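If you read the sequences in order, they're chains U and W. Counting in our numbering, the first sequence runs from 240 upward without gaps. Counting in our numbering, the second sequence runs from 240 upward without gaps.
Each statement offered as a hint is correct.
Same chains, same label: a pair holds when it works inside one copy or across any pair of copies.
Listed next, the in silico DSS-like pairs over lysine-lysine satisfying Cα-Cα at most 27 Å (straight line):
id	residue 1	residue 2
1	Lys-355	Lys-281
2	Lys-508	Lys-458
3	Lys-540	Lys-246
4	Lys-281	Lys-548
5	Lys-540	Lys-281
6	Lys-654	Lys-619
7	Lys-616	Lys-573
8	Lys-351	Lys-281
9	Lys-654	Lys-564
10	Lys-458	Lys-368
11	Lys-604	Lys-400
12	Lys-616	Lys-604
In short, the hints are calculated from the structure, not lab data. Predicted, not measured: the structure shown is a model, and the values here were computed from it.
Residues per chain are reported as follows:
2 protein chains.
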Amino acid sequence: MYYEKQKLSWSQRAAEEAETVASISCSGHGRAYIDGFVVDGKPICECYSCYGGTDCSLFPPNCPADVESVDPLFLEPFWMQKAASSAVVISGWHRMSYFWPNQSFISNELEKTIRKIHAIAKNAITDGKYIIFGVGSTQLLNAAIYALSMDNYPAAKVVAKIPYYSLYNSQTELFQTQHYEFEGDSSTLRNKSDFAGNVIEFVTSPKNPDGNLRSPILKGPNVKAIYDRAYYWPHYTAIPAPADEDLMIFSMSKLAGHAGTRFGWAIVKDVNVYTRMMVYIGLADMGIPKDAQLRALTLLKVVAEGDGKQLFHFAHQNLRDRWEKLSQIFSLSKSFSLQRIPTQYCTYLERARDPSPAYAWVKCKRYEDQNCSEVFKVAKIIGRPGSRFSARDRYVRLSLLKGQHDFDMLIRRVKQLVSQEHEARAESMSGFY
Amino acid sequence: MYYEKQKLSWSQRAAEEAETVASISCSGHGRAYIDGFVVDGKPICECYSCYGGTDCSLFPPNCPADVESVDPLFLEPFWMQKAASSAVVISGWHRMSYFWPNQSFISNELEKTIRKIHAIAKNAITDGKYIIFGVGSTQLLNAAIYALSMDNYPAAKVVAKIPYYSLYNSQTELFQTQHYEFEGDSSTLRNKSDFAGNVIEFVTSPKNPDGNLRSPILKGPNVKAIYDRAYYWPHYTAIPAPADEDLMIFSMSKLAGHAGTRFGWAIVKDVNVYTRMMVYIGLADMGIPKDAQLRALTLLKVVAEGDGKQLFHFAHQNLRDRWEKLSQIFSLSKSFSLQRIPTQYCTYLERARDPSPAYAWVKCKRYEDQNCSEVFKVAKIIGRPGSRFSARDRYVRLSLLKGQHDFDMLIRRVKQLVSQEHEARAESMSGFY
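Looking at chain U on its own, in the form it has when it is part of the complex (with noise of 0.2 Å):
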């Protein structure tokens, strides 16, 4: 520790304002925040989902579990544990720069201390590449293609094996570029040895939905990958080796839990790539906010604290307990199935390995269950549809990253669903016979 106990001055007044928003009280059910909506001089309660009223204190009865969107609020309880070490002041002149000291546009800080979780998750093999940052991993996605297209002619054709994150798709085709066009599913040219362009694939490893690991579907000499590594965490999956790929995505809101920050970076074993990717970082935003840099770097300063095992820990146990009671119920169920996750060895355990993977890749089972994601929201749990990844309507996607409260509700609403379905086929039986 560099600094003493001491009397405050200038920041006494931001520490005060931060601690007495933090415990105005919204019954458990929501939280306060410093820029939060203002009604008389004070930010009000902003509740969980389902819950209501100025402190959070209702709760209606059929409110639906909404396990669709991603937020992974399942890491809050670690960062309120870690309140001191995570806070962090930032003075009304913090940074007014375009650049950092090194006139580029990352933290030499927040790079080092990237490079040292990876060591530590054994995730990552980061000696001897480039890192990139970019306002969340999203931006990256696309730098990433600028970067690998640029010189071809025909268009490359960018493609991701089915189910895939529909990002993927949207963003590619948002720019219209000349330089590359998205093609779909991976396997479309598999045999299609004749075209000639380049094609980039986006290996997705733990694949979003379905939490296993992939490898490319394609190979050859004019094939480049994009690694979406996002989920390569032990809260989410087995570490069979150190990635070591020529192009890896990450980002902080899958290792830490802060997608608001938007902060995503790239390891790049190519300089040219590299290079290519700061031009279109520094053309698209001039880099990224530093106020985020600064943010990332003070979380993840406490990831890799002690012997920076505690975070993983925590979402490991969470998301491997989630998983285990949520596939508990749906083994009672022959409407239902869950996706198939192999017990692996995992070398940052050390010891082989129970699924805990991000999300429930659900599949409806009966023929007339064509529209899965329908059949869940009449049993008010609402999971985002297969068609979203361009797979089946028959598979829907239920998140099990969210906060504790929207997980209860799931558990609550999907032992209904199953216990229906029993009263169900006992109601049919005794018709039957």
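Could you slot chain W onto chain U? The hints should help.
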């Protein structure tokens, strides 16, 4: 004030750290930051340009005045005066979600504060218009082109009047889309009435580099304008009337000086243009960092405090004094001339107002001085060459926005340059007679 004087708990550590780091002495020629490069457990001094040594006490005698970049550090002293009100404490669990409570990417309170500040400055009409946030005004420039051009076949032509900000060109060409392309100077299209496609004109007013107010060059049913209003604040210009255009872009960096926060906003009349810009921001980045929005809110609340005139007063006085000093020196020169900026009535000040531009746009008048930035470089003044604005290199832009030490150095070097000119003239005349 909705908080009470209290003993701090979890925020104490961060507050102590911030104050300890802020109190690190760098001989008055630099600054230490909490996210600075750490040596022996302490962040090191980051010295202002030219200064060196661990405590920034070294000053090499031949160091040039670097006024090439735009870092608006002239506003730093304002924020140091406002240390207590402009500090912010961010908890480890602050806004981890992707969304604000209204499920958007936009902070309500920040939007309200921005509207209030425009009303105070009398520089823009926001009533009945939408506000969008971006990663700096930088990102919004392209989001605006995207929104204005998506229906266009053939591709829209994007133009700007020379001299123009180089990013208009480089950013527009970065994406190489099928919907727009950069065409160059606005006047190239003035006489091409046969061009059937749409035209998008960047109208920078006040103009970067010369600080004068401008109107569009092109008019007609197929011409749309993006008003880059970054410099339309009482700091830099008279405000003859509030701007009321359909698409105006502003930035935190030019209003408050926080270039590093990468925060800008667009004010948009048409709901379809607004929606498309939001789609762009959503797909490119999934919104902008909440940490940057919180920082902007904290700072802009200080700007709006009291009568809301303190920042404008500080900035205007500072830049007017700088301009006076610089123009006085150049008035003694026959080799160099500055741009002319008329005295204009300002509705904000309610009186006629002397110039206080952000930049000096210097012309080298001697026939042989074709490369003006070279002439200045020899005189140890680093400016931005005219060609960077697609103008002739007979011009050079000198930033007046940097910190006081950089400005003082500029003045010293310009004095030397002009006195050398006098000496040379005296010599040549003595040789002649």
